[in-house]
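Peer 1: Sequence:
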Amino acid sequence: MAKAKTPSGRRPQTAQPAIAGNAVAADAPVAKKKTSIPQFIAQVQAEAKKIVWPSRKETWITSVMVFIMVAIASVFFFVVDAGLTVVSQFILSIGR
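Read left to right, the sequence shown gives residues 1 to 96 (this note's numbering).
Keep in mind the hints are simulated off the structure, nothing from the lab. Fair warning: there could be bad hints in the mix.
Said to hold, decoys possible - Straight line, CA to CA, 20 Å or less: simulated SDA-like cross-link-like pairs of lysine to any residue:
#, residue 1, residue 2
1, 49, 38
2, 50, 39
3, 50, 40
4, 32, 50
5, 33, 44
6, 50, 38
7, 34, 47
8, 34, 49
What the hints assert, rightly or not - Listed next, with one range per pair, are the computed distances between beta-carbon atoms:
#, residue 1, residue 2, range
9, 73, 50, 49 to 55 Å
10, 45, 83, 37 to 43 Å
11, 57, 96, 40 to 46 Å
We treat Cβ as the ideally placed atom computed from N, Cα and C, and that holds for glycine.
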């Protein structure tokens, strides 16, 4: 089976096997620089300053919209449930 070519037309280079005594460390995980506690706290404070809180008006409008959607959903499911109840009772009454 032939290997797929890259867009440039050349086949990708494969990793060469390690020669005895010359191990390749390409797959070894790279050690990350550790963050000290004061640096971590400073980074957290910098990120906390980026938070944009909604205004009281935006929070009120969003809450009202949620309550409206809950009311609409509850009416919808009540109607569907009542309809399915009527249909299932009709089907069951046929078998009597």
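Peer 1: Against each hint, give a clear statement of whether it holds in the structure.
Peer 2: Here is how each hint holds up against the structure:
1. 49 - 38: 17 Å, holds
2. 50 - 39: Given pair residue 50, residue 39 holds - Cα atoms ~17 Å apart, limit 20 Å.
3. 50 - 40: 16 Å, holds
4. 32 - 50: 26 Å, violated
5. 33 - 44: 17 Å, holds
6. 50 - 38: 19 Å, holds
7. 34 - 47: It holds: about 19 Å lies between the C-alpha atoms, which stays within 20 Å.
8. 34 - 49: 23 Å, violated
9. 73 - 50: 49 to 55 Å: 34 Å, violated
10. 45 - 83: 37 to 43 Å: Hint violated: Cβ distance 56 Å, outside 37 to 43 Å.
11. 57 - 96: 40 to 46 Å: Since residue 57 and residue 96 have Cβ atoms about 59 Å apart, the given range 40 to 46 Å is violated.
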